[in-house]
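K.L.:
In terms of UniProt numbering, the sequence shown opens at residue 1 and continues consecutively.
Simulated from the structure, these hints should not be mistaken for lab results. Nothing here was measured: the structure is a model prediction, and the numbers come from that model. For every residue, glycine included, the Cβ atom is placed at its ideal position computed from N, Cα and C. Keep in mind that the hints are not guaranteed to be accurate.
[To be verified] So the derived label-pair ranges between C-beta atoms look like this: (1) Gln-17 with Tyr-51: 30 to 40 Å; (2) Gln-46 with Ser-96: 26 to 36 Å; (3) Val-85 with Glu-58: 12 to 22 Å; (4) Arg-29 with Ala-132: 38 to 48 Å; (5) Asp-103 with Glu-11: 28 to 38 Å; (6) Asn-89 with Arg-12: 18 to 28 Å; (7) Leu-102 with Gln-32: 30 to 40 Å; (8) Asp-42 with Arg-12: 13 to 23 Å; (9) Ala-132 with Asp-42: 41 to 51 Å; (10) Leu-130 with Ala-39: 38 to 48 Å; (11) Leu-130 with Ala-36: 36 to 46 Å; (12) Arg-43 with Ala-90: 18 to 28 Å; (13) Ile-7 with Glu-86: 17 to 27 Å; (14) Arg-12 with Val-85: 19 to 29 Å.
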Amino acid sequence: MTAQELIAWRERLGLTQPQAAFALGVSLRGYQKREADEAPIDREAQLATRYLEEHPDELPWVLRFNTGRAMHRADTEGPRATAGVELFNAKEEALSRAFELLDADIQAAPHLRQVGPAGTELDHSEIRTLLAQLS
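Please model the entire structure based on the sequences and the hints provided.
P.N.:
Shown next, in the form of C-alpha coordinates:
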(Lines of atoms letter the chains of each structure in order from A and count residues from 1; the text may use other names and numbers.)
(Lines give C-alpha, C1' and ligand atoms only; values in the text may rest on other atoms or scores of the structure.)
Protein backbone atom coordinates (compact mmCIF):
# COMPACT_ATOMS: atom_id res chain seq x y z
CA MET A 1 0.00 0.00 0.00
CA THR A 2 1.35 3.41 -0.93
CA ALA A 3 0.84 6.71 0.88
CA GLN A 4 -1.55 7.79 -1.90
CA GLU A 5 -3.59 4.60 -1.47
CA LEU A 6 -3.77 5.24 2.29
CA ILE A 7 -5.04 8.78 1.67
CA ALA A 8 -7.58 7.47 -0.87
CA TRP A 9 -8.78 4.87 1.68
CA ARG A 10 -9.26 7.52 4.37
CA GLU A 11 -11.11 9.85 2.01
CA ARG A 12 -13.28 7.01 0.64
CA LEU A 13 -14.46 6.26 4.19
CA GLY A 14 -14.94 9.96 4.99
CA LEU A 15 -12.43 9.93 7.84
CA THR A 16 -10.24 12.71 9.18
CA GLN A 17 -6.60 11.93 9.93
CA PRO A 18 -7.27 11.64 13.70
CA GLN A 19 -10.20 9.27 13.05
CA ALA A 20 -8.11 7.13 10.69
CA ALA A 21 -5.26 6.99 13.21
CA PHE A 22 -7.71 5.99 15.96
CA ALA A 23 -9.28 3.32 13.74
CA LEU A 24 -5.87 1.83 12.90
CA GLY A 25 -4.61 2.05 16.48
CA VAL A 26 -1.66 4.31 15.72
CA SER A 27 -0.68 7.76 16.91
CA LEU A 28 -1.82 10.75 14.87
CA ARG A 29 1.81 11.69 14.16
CA GLY A 30 2.58 8.13 13.07
CA TYR A 31 -0.42 8.16 10.76
CA GLN A 32 0.55 11.54 9.31
CA LYS A 33 4.06 10.22 8.60
CA ARG A 34 2.57 7.30 6.69
CA GLU A 35 0.41 9.62 4.58
CA ALA A 36 3.43 11.85 3.91
CA ASP A 37 5.41 8.77 2.84
CA GLU A 38 7.88 9.39 5.68
CA ALA A 39 7.18 6.02 7.34
CA PRO A 40 6.44 2.58 5.91
CA ILE A 41 2.89 1.29 5.88
CA ASP A 42 3.24 -2.10 7.53
CA ARG A 43 1.28 -5.23 6.67
CA GLU A 44 -0.85 -4.87 9.81
CA ALA A 45 -2.06 -1.42 8.72
CA GLN A 46 -2.77 -2.72 5.22
CA LEU A 47 -4.88 -5.56 6.61
CA ALA A 48 -6.69 -3.18 8.98
CA THR A 49 -7.61 -0.80 6.15
CA ARG A 50 -8.99 -3.68 4.11
CA TYR A 51 -10.94 -5.03 7.10
CA LEU A 52 -12.45 -1.63 7.98
CA GLU A 53 -13.50 -1.06 4.38
CA GLU A 54 -15.32 -4.41 4.40
CA HIS A 55 -16.75 -3.88 7.92
CA PRO A 56 -17.70 -0.19 8.22
CA ASP A 57 -19.68 -0.98 11.39
CA GLU A 58 -16.27 -1.39 13.09
CA LEU A 59 -15.22 2.20 12.38
CA PRO A 60 -14.79 4.43 15.42
CA TRP A 61 -17.77 6.49 16.52
CA VAL A 62 -17.41 10.26 16.62
CA LEU A 63 -19.13 12.71 18.97
CA ARG A 64 -18.93 16.40 17.98
CA PHE A 65 -20.08 19.20 20.26
CA ASN A 66 -19.60 22.88 21.04
CA THR A 67 -18.50 23.91 24.51
CA GLY A 68 -19.19 27.23 26.22
CA ARG A 69 -22.49 28.82 27.17
CA ALA A 70 -22.87 31.05 24.16
CA MET A 71 -21.20 32.10 20.97
CA HIS A 72 -19.58 35.54 21.10
CA ARG A 73 -17.80 37.51 18.44
CA ALA A 74 -14.02 37.41 18.78
CA ASP A 75 -13.88 41.13 19.63
CA THR A 76 -16.28 40.85 22.60
CA GLU A 77 -15.81 39.67 26.18
CA GLY A 78 -17.34 36.51 27.56
CA PRO A 79 -17.23 32.77 27.02
CA ARG A 80 -16.76 31.50 23.51
CA ALA A 81 -18.02 28.26 22.07
CA THR A 82 -15.27 25.94 20.93
CA ALA A 83 -15.54 22.68 19.06
CA GLY A 84 -14.95 19.40 20.83
CA VAL A 85 -14.56 15.92 19.43
CA GLU A 86 -14.54 12.59 21.26
CA LEU A 87 -13.81 9.22 19.64
CA PHE A 88 -15.26 5.90 20.84
CA ASN A 89 -14.58 2.27 19.97
CA ALA A 90 -18.21 1.25 20.32
CA LYS A 91 -21.62 2.56 19.32
CA GLU A 92 -23.01 2.02 22.82
CA GLU A 93 -20.31 4.18 24.43
CA ALA A 94 -20.82 7.01 21.93
CA LEU A 95 -24.61 7.00 22.23
CA SER A 96 -24.44 6.84 26.02
CA ARG A 97 -22.22 9.94 26.07
CA ALA A 98 -24.45 11.72 23.52
CA PHE A 99 -27.57 11.04 25.59
CA GLU A 100 -25.72 12.19 28.71
CA LEU A 101 -25.00 15.52 27.00
CA LEU A 102 -28.63 15.85 25.90
CA ASP A 103 -29.90 15.15 29.43
CA ALA A 104 -27.52 17.64 31.09
CA ASP A 105 -28.59 21.10 32.22
CA ILE A 106 -29.37 22.96 28.98
CA GLN A 107 -27.80 26.24 30.14
CA ALA A 108 -24.42 24.72 30.98
CA ALA A 109 -24.37 21.68 28.70
CA PRO A 110 -22.26 21.47 25.59
CA HIS A 111 -24.33 21.72 22.42
CA LEU A 112 -24.30 18.28 20.83
CA ARG A 113 -23.75 18.58 17.09
CA GLN A 114 -23.18 15.09 15.69
CA VAL A 115 -22.64 11.46 16.65
CA GLY A 116 -22.15 8.35 14.56
CA PRO A 117 -19.69 6.13 12.80
CA ALA A 118 -16.80 8.16 11.48
CA GLY A 119 -17.81 9.62 8.14
CA THR A 120 -21.58 9.16 8.62
CA GLU A 121 -22.49 11.14 11.73
CA LEU A 122 -26.09 11.88 12.78
CA ASP A 123 -26.92 15.55 13.32
CA HIS A 124 -28.51 17.04 16.45
CA SER A 125 -32.15 16.56 15.40
CA GLU A 126 -31.53 12.93 14.36
CA ILE A 127 -29.94 12.25 17.77
CA ARG A 128 -33.00 13.68 19.56
CA THR A 129 -35.27 11.48 17.40
CA LEU A 130 -33.18 8.41 18.24
CA LEU A 131 -33.30 9.24 21.96
CA ALA A 132 -37.10 9.57 21.79
CA GLN A 133 -37.37 6.19 20.03
CA LEU A 134 -35.21 4.50 22.67
CA SER A 135 -37.03 6.06 25.64
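K.L.:
Within 17 to 27 Å: is that where the Cβ-Cβ distance between Ile-7 and Glu-86 falls?
P.N.:
holds (24 Å)
K.L.:
Regarding Leu-130 and Ala-39, is the given constraint of 38 to 48 Å on their beta-carbon distance met?
P.N.:
holds (39 Å)
K.L.:
Please test the hint of 28 to 38 Å on the beta carbon pair from Asp-103 and Glu-11.
P.N.:
holds (35 Å)
K.L.:
Measuring from beta carbon to beta carbon, are Asn-89 and Arg-12 in 18 to 28 Å?
P.N.:
holds (21 Å)
K.L.:
For the pair Leu-130 and Ala-36, does the Cβ-Cβ distance stay inside 36 to 46 Å?
P.N.:
holds (38 Å)
K.L.:
Note whether the CB distance of Ala-132 and Asp-42 lies within 41 to 51 Å or breaks it.
P.N.:
holds (45 Å)
K.L.:
The hint says 26 to 36 Å between Gln-46 and Ser-96; measuring C-beta to C-beta, is that right?
P.N.:
holds (33 Å)
K.L.:
Does the Cβ-Cβ separation between Arg-12 and Val-85 fall within 19 to 29 Å?
P.N.:
At roughly 21 Å between Cβ atoms, Val-85 and Arg-12 fall inside 19 to 29 Å, so the hint holds.
K.L.:
Kindly confirm whether 30 to 40 Å is satisfied by the beta carbon distance between Leu-102 and Gln-32.
P.N.:
Since Leu-102 and Gln-32 have Cβ atoms about 34 Å apart, the given range 30 to 40 Å holds.
K.L.:
For the pair Asp-42 and Arg-12, does the Cβ-Cβ distance stay inside 13 to 23 Å?
P.N.:
holds (20 Å)
K.L.:
When you take the CB atoms of Arg-43 and Ala-90, is the distance between them in 18 to 28 Å?
P.N.:
For Ala-90 against Arg-43, whose Cβ atoms are near 26 Å apart, the range 18 to 28 Å holds.
K.L.:
Holds or violated: the 38 to 48 Å window for the beta-carbon distance between Arg-29 and Ala-132?
P.N.:
At 41 Å between Cβs, range holds.
Hint check: a violation occurs at hint 1 only; the rest are consistent with the structure.
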